[in-house]
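Novice: Protein sequence lines correspond, in order, to chains A and B. So in the numbering used here, spot 88 of the first sequence is number 88, and the numbers just go up one at a time. So in the numbering used here, spot 188 of the second sequence is number 188, and the numbers just go up one at a time.
Just so you know, these hints were derived from the structure itself, not from any lab. Heads up, a few of these hints could be off.
Okay, the calculated bits of chain B under chain A, using three or more residues with CB under 8 Å as the criterion [claimed, not checked]:
(1) 20 to 33
(2) 197 to 205
Simulated DEER-style distance windows between Cβ atoms [as the list claims (entries may be wrong)]:
(3) A:R146 / B:K82: 27 to 35 Å
(4) A:R146 / B:S208: 28 to 36 Å
(5) A:K187 / B:V222: 38 to 46 Å
(6) B:S208 / A:K187: 26 to 34 Å
(7) B:E242 / A:L181: 46 to 54 Å
(8) A:V69 / B:S85: 31 to 39 Å
(9) A:I155 / B:E233: 27 to 35 Å
(10) A:D104 / B:K82: 21 to 29 Å
(11) B:T8 / A:M197: 40 to 48 Å
(12) B:G218 / A:E145: 57 to 65 Å
(13) A:R146 / B:N276: 24 to 32 Å
(14) A:E145 / B:S205: 28 to 36 Å
(15) B:N114 / A:K187: 26 to 34 Å
Using N, Cα and C, we set each Cβ at its ideal position, and we do this for glycine too.
So you can see what is in the structure, the chains are spelled out below.
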Amino acid sequence: MVCLPDGNRPIGFKWIFLLLCSMKKKMFWIFVAALMVLPIAGKAQKYEFKPGSDLSLSIGAFPIDATIVEYISGGNSYEYDDPYYYPETDLWRLYQTGNIRKGDAYITGAINLAYTYKFHKWFELSAYLTYSGYYADYYQSFSTERLFTKSIHSIGVMPFARFVYHNRKYLKLYSGIGCGLALLVDKTGSHTESYIMPAISLNYFGIRVGNKVYGFADFSIGTAGQISAGIGVKLN
Amino acid sequence: MKRIIIFTLAIFTAIISSCKVDSAEPIRDITYRGQCIFEITSGKGISPYLVGIDNVLKAEEVVNASAEKRDSLEDLYFPEYKIRSNEDCIYIKDYAYIYKTNNIPISEVGAVRNYISQEFQMSIICVGSGIYDLTSATISPLEPNTIIQAQVSRFFSQNWAYPSSIYSYQLSGYGLYSEFVDSWYVYYDDYSESGKNSHYDVNYSFDSSNPLKAIRIGTNDVFRFISGHLHMEVSGTALGNEIDEVDATLSYDGNDGNVNYVVSTIHYRGETRKWNM
């Protein structure tokens, strides 16, 4: 899970880009190391493919969904059409609506539970269940009195096709694409709004190490997280 | 069994892995609200009248100027407007009317003018050398309203950066700034009831021993308050029967024409703090 230092608010996509670059640098060397052992691992393994299924769980950083939009906006995504801001312009805002401040804000990232069936040595089909959440309390500006809570919950279901281009017993390299739907529940105080949104994930590179129990890392663009890592178990 | 345990641990880790991405904003100093009340009252309640008296004095100067000076004065004081006049009225085109109730020059005691703009109207009576009584009347019951019963004293204060800012003004008397809001867009249900028919009044009084002083920066429709004391009493919907009292005392560095910075000392709900303006 990628954590941001306290108090450092991102400056839009530039910040995310820099973060991804720094992450990618570390992952790049892991990738290089993996490639170096690849021929050895490949030659060492005598591997006969058997169709079967497995279950995996991963956590993805910065999923492209409403939670990250809320985070990037600093929890102020409503300020432009809402009387809670610019309290210094009117007395009614100052006394009745403008006196709020945001408390600590949390995001979960994308938590992905996936059931995968391996049809062929080069093709797998997964069903993704993804949860992503945002949570922040809002307080009275001049005291510790809590006024309301804002939370966003996104639950997505997505079929995902995975193409394995290097398949050995203990090492697999793959890419894939998935497309589905997500239910978005945006709750502010007692006000709740729900939407159905598209859930899309393009996994441009993935690496899986292990057999019956395995670890994996995915580099993607979409609702499953831009960099995700997790663990999986073989069911049969 | 081993695989189930590992997977259960992974699920548990995922559930507790939420991450703090923003720290809470700090609790604001309560005097910030007092400072806002002063800025709203002075900016919306008092400043328009000073703009009015300033416009009257400058428009008459333009009208009474010799033919060769008139255009340059009009460009200096009213660069975005045209001045037209007849015996009874001076018209600042698309902006305000100045009716001459009598024909005594505005600088002489007894001169009476009625200033009518889109926002308000007020009468101006010259009661001394550079001293004017301002009396206003409310126009709309729904828009922010302002009433003033004040005396302004005019001082020359040439500002080289803003050649049109030739006067500063000093105020005594009292006034009312009032807001009424029938409804607004409510995002948070928690406040939906309090968001209807809210009404706020600020009754304010100038301190004769430390009068509020202000200067117009350029030709903007806003005056900058630079020194003096203003006492404000706020009543309204969210306050019930309570009266919120605010005292603002301003001081500045520099001279009237070249104010470097202004500090306001706000006394509100038992707390006192200085704010830069």
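Novice: Confirm or reject each hint.
Specialist: Now for the hints, and whether the structure bears them out:
1. 20 to 33: Check passed, 13 qualifying residues.
2. 197 to 205: holds (count 3)
3. A:R146 / B:K82: 27 to 35 Å: The hint (27 to 35 Å, Cβ to Cβ) is violated, given that R146 (chain A) and K82 (chain B) are roughly 56 Å apart.
4. A:R146 / B:S208: 28 to 36 Å: violated, 45 Å
5. A:K187 / B:V222: 38 to 46 Å: holds, 41 Å
6. B:S208 / A:K187: 26 to 34 Å: Violated, since S208 (chain B) and K187 (chain A) (Cβ atoms, about 55 Å apart) do not stay within the stated range.
7. B:E242 / A:L181: 46 to 54 Å: holds, 52 Å
8. A:V69 / B:S85: 31 to 39 Å: Violated - the Cβ-Cβ distance for V69 (chain A) and S85 (chain B), about 57 Å, lies outside 31 to 39 Å.
9. A:I155 / B:E233: 27 to 35 Å: About 53 Å separates the Cβ atoms of I155 (chain A) and E233 (chain B), which means 27 to 35 Å is violated.
10. A:D104 / B:K82: 21 to 29 Å: violated, 57 Å
11. B:T8 / A:M197: 40 to 48 Å: The hint (40 to 48 Å, Cβ to Cβ) is violated, given that T8 (chain B) and M197 (chain A) are roughly 30 Å apart.
12. B:G218 / A:E145: 57 to 65 Å: Given a distance of about 43 Å, which is not inside 57 to 65 Å, the answer is violated.
13. A:R146 / B:N276: 24 to 32 Å: holds, 31 Å
14. A:E145 / B:S205: 28 to 36 Å: Holds: the Cβ-Cβ distance is about 32 Å, inside 28 to 36 Å.
15. B:N114 / A:K187: 26 to 34 Å: violated, 55 Å
Consistency note: the structure conflicts with the earlier hints numbered 3, 4, 6, 8, 9, 10, 11, 12 and 15.
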